[in-house]
Amino acid sequence: MARIQIHNLTKRFGAMTAVSDLTLDIADREFMVLLGPSGAGKTTTLRCVAGVETPDAGEVLFDGRPMRGVPPAARDVAFVFQTYALYPRKTAYENIAFPLEARRLPRAAIDERVRAVARTLHIEHLLERRPAQLSGGEQQRVALGRAMVRSPQAFLMDEPLTNLDFKLRVEMRAELKRIHEDLNTTLFYVTNDQVEAMSLADRIAVLNAGVLQQVGTPEEIYDRPVNRFVAGFIGSPRMNFLPCVLEGGEHVALVGRDGAWRLPLPAPLREAATACGAGELVLGVRPEDIALHGVPPSGDDAIPAEVYAVEPLGDRTIVDLRLAEAIVKVRAAPTFDAPQGARTWLAVDRARIHLFDPRTDLAIV
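For the sequence shown, the working numbering gives the first residue as 1, with consecutive numbering after it.
These are computed hints drawn from the structure, not numbers from a lab.
There's no promise every hint is true.
In silico SDA-like cross-links for lysine to any residue, where the CA-CA straight-line distance does not exceed 25 angstroms [what the hints assert, rightly or not]:
| id | residue 1 | residue 2 |
| --- | --- | --- |
| 1 | 90 | 120 |
| 2 | 177 | 113 |
| 3 | 177 | 152 |
| 4 | 177 | 121 |
| 5 | 177 | 164 |
Could you put together the complete structure from these sequences and hints?
What follows is the structure, encoded as structure tokens:
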């Protein structure tokens with residue numbers, strides 16, 4: 001197994017910087033997910049770790065050993081691609097066995113390891129089929145088996161579930177989680193799917209435009225985002241952002257720019273918001289941290305709004321509300337039903353709100 005350290009990694013393609021001064025420490029046997037939108041530099045980072053790309057600056061270390069100049073084959077990592085990259089004329093058995101045959105292992109040893117991996121992936125009955133006879137999920141299992149059979153120091157996975165339909169992606173997420181626990185090995189996984197990241201990772205590294213934004217457990221990334229990008233990228237529906245101003249005096253509160261709403265600040269946030277020194281702020285609140293009421297609830301934090309659209313999703317309903325000039329999304333019960341234009345009131349869980357400085361987009365803790 002391997003600890004992977006990335007120190008000040010920079011990779012350019014002409015005038016474009018794909019990865020900028022990236023530093024990341026992946027612990028031995030950790031499931032680390034590199035998460036970000038398309039074009040963030042995720043695959044480039046993975047290829048530098050694998051040795052397929054050479055960094056322009058910085059270095060990659062395996063267990064403290066610098067990898068500069070070490071060819072991919074000598075790094076003892078297994079790369080699982082977004083495309084399955086299976087040999088179409090070979091059976092599933094032959095595809096999985098290929099890395100071992102290249103090492104000229106004895107036939108009996110190859111057979112034992114191939115069948116052991118097939119049992120782990122539940123594909124023993126598919127070993128004599130060719131890729132064209134397999135479903136997308138089955139092909140992905142074969143591709144995983146080809147990587148697993150080598151018993152590498154680490155697995156590098158580049159969006160391996162992207163080409164699967166929704167049902168298979170859900171199944172394969174559970175399989176990957178189980179495989180990681182069974183193999184107890186280091187796994188560096190790239191995706192732009194925040195659900196995959198949240199469900200699979202021990203820790204998540206969020207990347208945007210080649211720059212590392214935040215590293216933490218899924219809970220830390222979700223509950224304590226360091227800036228507006230992370231806050232908006234994690235969560236579905238995304239976090240609501242409302243420009244506001246800070247109202248001082250005896251009762252510190254946030255007030256919408258147009259005066260349409262007012263939200264008293266809880267004690268832990270008052271000092272931080274005041275110390276920020278910005279007259280204007282951005283309020284962030286997740287859809288699940290807003291409750292809807294048909295009549296004004298008691299208290300001083302009820303905010304009137306108008307139903308703009310209702311999106312029933314079976315297990316929940318997403319309600320779009322017009323709040324002055326803004327549209328706010330709320331996650332409501334599946335039984336919620338109201339006509340467009342109906343009057344409603346919001347009650348925000350003030351213990352769960354986030355504040356951001358609009359000058360820097362950084363969170364105000």
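Do the hints match the structure? See the list:
1. 90 <-> 120: 21 angstroms, holds
2. 177 <-> 113: 21 angstroms, holds
3. 177 <-> 152: Within the cut-off at roughly 17 angstroms; holds.
4. 177 <-> 121: 12 angstroms, holds
5. 177 <-> 164: 17 angstroms, holds
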